[in-house]
Each structure stands twice: as C-alpha cells, then as structure tokens.
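Asks: Protein chains in written order, with my numbering: chain A, 7 to 314; chain B, 1392 to 1698; chain C, 40 to 586.
Among the clues, some could well be false.
Claimed, not checked - When the alpha-carbon atoms are kept at most 16 Å apart in a straight line, the in silico EDC-like pairs for lysine to aspartate or glutamate are as follows:
{"no.": "1", "chain 1": "B", "residue 1": "K1695", "chain 2": "A", "residue 2": "E207"}
{"no.": "2", "chain 1": "C", "residue 1": "K199", "chain 2": "B", "residue 2": "E1435"}
{"no.": "3", "chain 1": "C", "residue 1": "K356", "chain 2": "C", "residue 2": "D211"}
{"no.": "4", "chain 1": "B", "residue 1": "K1695", "chain 2": "A", "residue 2": "E210"}
{"no.": "5", "chain 1": "B", "residue 1": "K1697", "chain 2": "A", "residue 2": "D147"}
{"no.": "6", "chain 1": "C", "residue 1": "K454", "chain 2": "A", "residue 2": "D76"}
As the list claims (entries may be wrong) - Computed far set for chain A versus chain C, every beta-carbon distance over 12 Å:
{"no.": "7", "residue": "A126"}
{"no.": "8", "residue": "I203"}
{"no.": "9", "residue": "G218"}
Claimed, not checked - Looking from chain B toward chain C, a few residues come up when the C-beta cut is under 10 Å (computed):
{"no.": "10", "residue": "V1436"}
{"no.": "11", "residue": "N1441"}
{"no.": "12", "residue": "K1472"}
{"no.": "13", "residue": "S1477"}
{"no.": "14", "residue": "D1520"}
{"no.": "15", "residue": "I1644"}
{"no.": "16", "residue": "T1648"}
{"no.": "17", "residue": "M1651"}
It is worth saying that the hints were derived from the structure and are not from the lab. Idealized CB from N, CA, C, for every residue including glycine.
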Amino acid sequence: MFFMNRKKLADVADRLLDQQNIKGRSLWQDAYVRFRKNKAAVTSVVILTIMVLVSFIAPFFAPWDYETIDWNLIGDARAAGQPNIENGHYFGTDNLGRDIFARTLQGTQISLLVGLLGTAVAVVIGLFYGAIAGYFGGRLDNVMMRFVDILMSIPTMFIIIIAMVVFGRSIFLLFLAIGLFAWMDMARIVRGQTLAIKNKEYVEAARSAGVGNIRIITRHIIPNLLGIVVIYTSLLIPGLILTESFISFLGLGIQEPLTSWGALINEGAGQIQYGTPWQLGFPIGFFVVGLYCFLFIGDGLRDALDPK
Amino acid sequence: MLKFIIVRFLSSIPTLLLLIIVSFVLMHLAPGGPFTSEKELPPEVLANINAKYGLDKSWPEQLWNYITSIIFHFDFGPSFKYKDISVNDIIAQGFPITMTYGLWSFFVATTVGIALGITAAVKHNTWIDYFAVGVSIGAQVLPNFIMAPILIIIFTLWLDLLPGGGWNNGAWQNIILPVIALSTSFMASIARLTRGSMLEVLNSNFIRTAKAKGLPARTIIFRHAIKPALLPIMSYLGPAFVGMISGSVVIDIYFSTGGMGQFFVEAALSRDYSLLMGVTILFGVLTIIFSAVVDILYAWLDPKIKL
Amino acid sequence: MTLLKTTFTKGATIALLAGATALSSVSAQAATPMAGETLAADQTYTYRMLDGIPSLDPQIVEDVTGSEIIRDLFEGLTNQDAKGNLIPGVAMSWEASEGNTVYTFNLRKDSKWSNGETVTAGDFVYAWRRAVDPATGSPYSWYMDIMSIVNGADIIAGDKEPSELGVVALDDFTLQVTLTKALPYFADMTAHATTFPTHQATIEKHGSEWTKPENMVGNGAYTLTEWKLKETTTRVRNPLYWDDANTILDKVVTLVISDENVAFTRYKAGEMDRTAVPTGQYPDLAISMPDETFKFPRLCTYYYVFNVSDSAPEAFKDVRVRKALSYAMDRDVIVEKVTKGGQIPAYTYTPGATAGFKVPSVPYGEWSQAERDAKAVELLAEAGYGSDNPLTFELLYNTSEGHKKIAIAVAAMWKQKLGVEATLANEEWKTFLETRNTQSFSIARSGWCGDYNEASTFLDLFDSKHGNNDGLYSNPAYDKEVRAASSSANANAHYTTAEQILADEMPLIPVYHYTGVVMLKPSLKGYPIENVMLKTYSKDMYKIEVK
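Pulled out of the complex, with its shape left as it was, chain A reads as follows:
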C-alpha cells in the first residue's frame, strides 16, 4: 500500500518534472522576451558592446598605441600632456608621454575580461559550493563552511606569490587568483539562502516525491537563488576589477606596458594633486560606465528570470 503510494507519487512527480522541462525551455524564451522589454538593460548591452568593439577596433585607427612613448611629451604631463586633438592624444598622456586614450582602450579589454571571467569563476564555485553545503546541512555543512572560514583567513597573498613562482606569469592564473579571492563570500550568501529555501513547500514536495538531491538543487534551489546571486555579482565586479591591480602588484597578472582600469586608476589617483585630472578622469569614467552597464544588465536578468 505504502509502496504503491510512493510509486504513484514518483510518477506524478516525474510527470510534473517533464512538464517543467517543457515549461523550462519556454521559460528561457520568456525570459529573453522580458529582458528585451527592459530598456535600461538593453541600452546597457548596447553600450557595453560598443565599448568592447571600440576597445578592439579603435586602436587600429588611433594615432598612438598603448605602449609608445611620445618623446616630445615625456616628463611634462601637466604642461604638455593635456587632452589634445591636434597631436592625437585625445585623452592626454601619462607622465611618461604615453597616450591615455590608447591605454584606456587597452585597459578596457583586460578589465572587462577580468570582470567577466573572474566573476564567472567566483559565481560558479560559490553557487554550487554554497548550495550543496546549505542543502545537505548537518555535518557536511559544518565541514564545508569551516573550510570556507579557513580559506577566508589564510593569507591569500602567499598562494598568489607561490603560484606565480611555481607556474610563472599567466593570464589564466590571474583569473583563477581573482576567482579565488571572491568565491567564499558568494558561497556563504548562497548557503544562507539555501538553508531558508530548502524548507519551502515546493522543495519538500519534490523531496517527498523522491526527486534526487542533485535534481532538487539544480531545478529548485539554484533558480530561486538567482535573484540574490545577480545582485551580489554586480557588487562583486567592481571589487574584482580593482583587485586585479593588486594581484599585478604581487607580480602575477598584467605586466607593463599592458594595463588595466585598476592600474590606470591607481596611477591617476596618485597624481590628483598635481594638476593632471585626465589621468584619473578618463579611466574612471570608463570604469563607471562599465559598472553601470553591468548593474543594469544584472537587474534586467534578474527581473527576466524571476517572473514574480
């Protein structure tokens, strides 16, 4: 009798899931339609796309590249390095007479890549780690979260320094290092939300219907986490973009003459009292615009994925 009931329940659940599968596919389409209706998000996608295209295409047409020193202007940024259309330095030059326009564009490539890939690493690890710990709870949760406590406390710098010595400099390591910096907080937030979600009726229903744990996590838990994950991700990105310059400080990552928003902003910030505002202004302008775009896209995605 009981056995019969369970089988029946499982059948029902499977059918329900199938339905959800069908619905799931159309859910993505729905989300796409909803996203397109969000003007701010669409505009942001357009601006970001333009930014990426310009950062790759404009250098072919710009009079200066990111590494060439203008020997006429070197060492006299304040007097001679102002933004100037005539000599081709549209955004001015830095103290070494290098073109800020070209450098900002080059930095845009690196920083957007860092922002996207570094965040992706952090989000993927954090999401699954946190969801698993929160869903299973108990001893596993305790072990997994104490491990996070340890990782949050050990001096990450040494891991980066040792990684650099062992593997040498590589951009791949940079992304890994950045992800390493960032996934723990994400994991904790996700785990906290999972603790709450797993007690919700629909999860309990699925569980009593005998749906596998992995399925519950991927089908029921994670989709309901997306809202908070998207917000937290948009908080993460600016930090990660700036973290890159710290990792480069340790020797891993981007080396001069290559640059990034973080490096340019750092350099410009050191000069604020010496009359060269363009050294900080243009890079930080790009940074701000980029962050706004990420933010609106994030909000748009959340609204689109969460029809409530």
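Following the hints, complete the assembly by docking chains B and C onto the known chain A.
Replies: Okay, now just chains B and C, sitting in the frame of chain A:
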C-alpha cells in the same frame, strides 16, 4: 542552541589548527625570508639572528614550539620586523584602533544602507528609488584609495577642519574621515542587497496575501517583510563585520591610524612570520565566531532553519 | 671571514676624514641662531616617517630613520657637525697610538643617563660586547666586525666569548680599544648608532622591552615619551643632558605617513616641518616653493645588473651586447624626464659625492648620446643580433612606481634604437630578492647605498667573492685592484682602474646617482643638508618666527 554552540566550539579547534598549519606552510614556501634584504647579511650574522628567533630549527619543531607557546603562554612571539615589540603588543595596540573605527563604520554602513535599501524597495521605480540606487552606485565606484586622499585634501588642506591623519587616542576629529572612507562602499553594498532582497520579498506570495487582506503597508514591511529580507544581508554582514573591525590597509595607510589592518599586507610582504601568524589567527578566530553568530541570526530570522 | 671584513681599510681616507687621528678637543656643535633671527615660541619639530620604526635599540637598529631618533636619545663617543666633520660627543678627546691600532678615548665627566647616573667607560664596554654577542642577534653586528676590534669577528662567529672583545675601561672615564690592524679613521666610526652606550641594568631588567618609553634609559639630548608603532613617536628635551643649556628644540614629533602624496598634503596644511618631495615633483616644486625645496647628493647608485653567471642567457655573456644596451640608454632623459628628482646621470659606479673619490672619466661617458646610440647599433649588429635575430630578454624589477617608470622608458629606448624586445617583469620585494640572489634573472634593477663614506663600499660589490654580486661577475684583474686599494697609499688610482674595468666589461649599467630631495619649512633652521651621511641631531636645530 547549547548543543549548537558546543558543536561549533569543538569544530573550531581543528579548524584553527588547520588554519595555523596551512598558513605556516604557505609562509615558509613563499620565496625569501624575514631577514633577506637588499644588502645580504654575512652568513655568521644571519646564523645568529636565525638562532635568536628559532628559525634554525626544523619546520615541525618550529610549528610545535609556536603552537605550544600560544596555548600555554598565549604568546605569539616577537615580531621579526619590529624587533623591540612583541606580536601581542602590536595587536594590543592596533586592534582597539581598528575595532573603534570598524564598529563606527559598521554602524553607519548598516543603518544608512538598510534604511536606503528599504526605502528604495518600497518606493520602487520612483525618483527616490533612482536616487538611492544612484547614490549607492556612486559610492561604490569611488574606491576608498581615491576617496581617502581627496577627503584629506578637502577637510585638512582646504577647509582646515580635521586632522589629515593620526589617531590621537581616538579623538572624534580623527575618527570621522576613516569612518567615511571605510563605510561608504559597504553602505552601498548593503543598500543594494537590501533593496534587491526586499523587492523579492515584497513580490512573494505571502506578502501579496497580506496586502490582499488589507494590512497597512507599515505593518507589512516591519512585521512581515523585513525579517526574510534581512536573511541574505546577514550572510554578507558576517564577513563584512569581521573585515571592518580587523581594519583596512587603505584606511591605515592613508590616515595613519596605527591600526592593524595594514599588517595583513605588510607582514606578508616583509615575511614577518610571527606577526603574520598573529593577525591570521586573530582574523580566523573572528571569522569563526561571527559565522556562528550569523547562523544563530538565521535561526532567529527564519524559525524553520534548524541550527 | 666575510668580505665585509676587508672593507674600511683604506689609506686614502686619512687626510679626508677630518679630525680622525689628531688629538681633538673641538667644542661641540649646538643650535646657534644667527643674528636677526627670532626664535619661535613653539619649539616643536615635526617630521614625517615612511614607516614604523623597527627598533630603537642602538645595538640592533639598521635603518636610517631609526638611527635618526637614536642619535637624539643616546650619544656616542663622537658626533658629526652639519658638514659631516667629526666632533666630540661623550668623548672629549681621543688619541691613537701603536700606529693607529690602539685608541684611547677620554670621556666627559658630566654625561648623565636619564635616570641620573653618570655615563662611564664601562657602559661603552657593555654596549660593544652586546653588539657582537651572538645572543643579541644584531643584524648590524657586521659593523662591529669591520671596526676590526680584537676578537670581534670570532665572537660574532661564536668562537670566543663577548668578554674577550678588545675594549677595556681603564677607569670610569677612559676607554681603550685595541684593533687587529691600523685604522686611521676608527674614531669616525664611533659616530654610528651601533657603538652608542646602553644602560646595562635597564636592559637586564626589562629584556627586549627595555626600549619602551616607560623603561628606556638613555644619555642623549632627548628622552622618548611616546612610541606608537604605526602612528607617532615623541621625544622631549632631557634636562640632564650635559649640553642642555645650548639646546633649543623642546620637542620632536614624528608622524608615520606611508603615502608620500598624503604626507605632502599634510605638510602643506602645516602639520609638519619636514617631508620628502613626492616622486617626480622636484622640478615643479623647486619653482613653486623654492624656499622649502632642497636637494643634496647621496651616497647611492641606481643601476641595472646583468646576469653573467653560468646560468645567464648566452647573449649577456657577450660584452658587445652588454655595452650596446648600456650605450643606448639615454640617462639624461631618465633623469630629467622620468625620475625628475635632481638625480645625476651615471656612467661609472661610485657616486662623486663619496669622500676622497674622484669620478674617473670613461670614454662612453664623454660621448654625445647620438654617438653612443650609433656605437650601440654597431656593437649589437657585430654580436649578431638584428631584425632577423632579435634580442629578447626579461627585465626584472621589484614592484614600485619609480622602478616601473624607469623600466618602461628604458625598454622603449632599447626597442626603438636597437629593436631589442625587453619584456618587463615585476615581482614583489622578497620574491624579487630571491630571484636576483639565485641568478634566476637576465637583467635586474638594483640599487646600492654606501655603508660608510668611502669608495670601497661600492666597488667591493663587484669583487667575485662579494655576497651582493648578484650577477656573479668575476674578473681576477678587478678583484686585484679593489683588494690592492685597501693597503695602498694611493687608493684612488686603484679605484680609477677598477671603474675603467667596469666600463670596459659592463657587468652593470649605471643609471644614476641618487639625490636626496626634501621639503623643509622656512621656520626650521639647522637641518644639515650638507651632511652626505644624513647624520642629523635635533639638538642642533631650532625654529624661528617667519612672517
């Protein structure tokens, strides 16, 4: 509850031990030592110094001595860089400072942040919302290493209102600028998290039901919505709190507060093994304590969550 | 023992280090206001420090900032005046005998510890034994080693007891030192912090905590009243100091400010009397604040070192390649456009400000930059590198804004003039040191500051046995010259030859000689900018009213 605390306490012991061992090994694996310098010391002199600090012993022996002196004497040893001062003294001098400006920053960041976030969510898609979002993004894109020197130029050089740095035993004039610089980005993050999570809660079924029942908005927000909305913020506030009270490199460097935030970076860069272990352990203990506190708060915010 | 031991043994310095050998009884320096100056009511001198002080223990201190404070809190046998000349300190006079191997110092009877006790010769004996005692673990014990006191080296190596050190108190006010060899300028070395007296009872009572303000007992013109590691130190005038009557500054405060730009802001806001000129701002400030911006030579050289060891890249074993890279570096541009701190372009290694050293002329230093460039192109082509076989290597520097800028400019010069691809690689400080010490680099940024004011402190560095010869340059002819100089009456001739060998073989590229640049408020007087070793004494400074 009691069982929870006991389990957490017991599990924190292996956690801390593992933290010490991993940090110790990482530290010794990193190239260079506390006494490598531009001018290489003659080998005899280096040998004397290593002997003085016990670095001539094997790793396991050093680790054992280190752990036992912490457990039995609560002694973190002498700093390798600041040779006249013990790590205990450095922490005793620096931690109260970071804790002071950290607690103030936490207070400012959470009250302003949560208030801003809730207002924005309740007034969703009005100018108040846009204003709140604008402020919080603005605060976030202005990193504190840019804000700190600008604050000093404005308040010290131009207006001559506040000292440009120093701690002065925690006089209020010296606390203001560090608190502004430290709390701003946290405030922005908290506001954004609160807004997002509040919006989600306000759109959920039970709040809609409550609205349909005709409960007044204030009751809905403060009785029903705020608790579940705060849950994800708690996960953020736990580490943020630890981060704030253990200080910030940027704040300590720009405002010369004398706090211990700078030691996390400096001790690592100068390979001051004992100081680094000291601040790592302190940070680890705080992290462990406050992740337990956050878990207790979860259970309070959502009674369905079992400790 | 170590190579450091062989240094400081140069005959040529005798004449130049004034007052070293003769029986000296010059009156002590003190703050002496000029006619027409009105002393300020508030005699507080405040200056910026880059970082917290690692130690205030005279026997342990290594750094310049720590020593600066220690010179106020303790007084050694001798001091220096504003120009770097030796003047009496606790010792009123001294004489050398036995051919400069035995020194006898006559101490003043009115020098007091801050607890009221009299400073005796025994206090110096205690301090000097302490400096060489392995148990003290002093990183500066090598300084005692080069002072060549009998048994010093053996005590450091742990082969003899500290009590066997060749220094005795003949009576309470007579100190006698016996040396292993003739050192005509031994007295000059006693102006250094490592040799300052320390108070035995205090150290034995408080152990490593004896330097805390509440514990410290000193014999200097000031006493320490506050020490907050990363924030501030305060020292106030010591009424027991023997020359307190002629001291003017009442209080000296240091502020730890890591960021030089913030320090400069706060200096402009009037919080300090002295700070560093922010990097690259010297030319502008010398025009906009001419009364406050000062420049002085320093005993330091900035250079790029080639790895010429067995593990080195093939290219750098070819002297033509090394020369080409050195010639193509336009030092004038680096100094005037990149570093902008008033530095002096360098074509030889030892700074011209070094006492008794005459910068020799080397051919490429005389050429115009165009000639150097042409020669560089020629040499590199001869060595077989060109567009079809470009020279590529990594240029290593430790993370710092200044090093980065120089490296960028240099790499750009090489690329533009020679078609050489130098990849820039920065490393965090300790990793960088490890990489450089183990010859895991191609070409690396280096800097060296003299430990004392004599050319050997620089030129010994390229001795094949020197611990800081990071490129492992080895040339018997060079070793012969620098080693011969120590016992020669005409050391300068040997130094000239040594510099010429370096220019011929180019194991390093000299870039520039450092210049110190400092901002001083017009109200501060007596800051010794002409003292190349930067031996400052607050007791010699004072503040005046400025309208």
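Asks: Report the numbers of all earlier hints that the structure fails to satisfy, in ascending order.
Replies: Going through the list in order, the structure violates hints 3 and 14 and respects the others.
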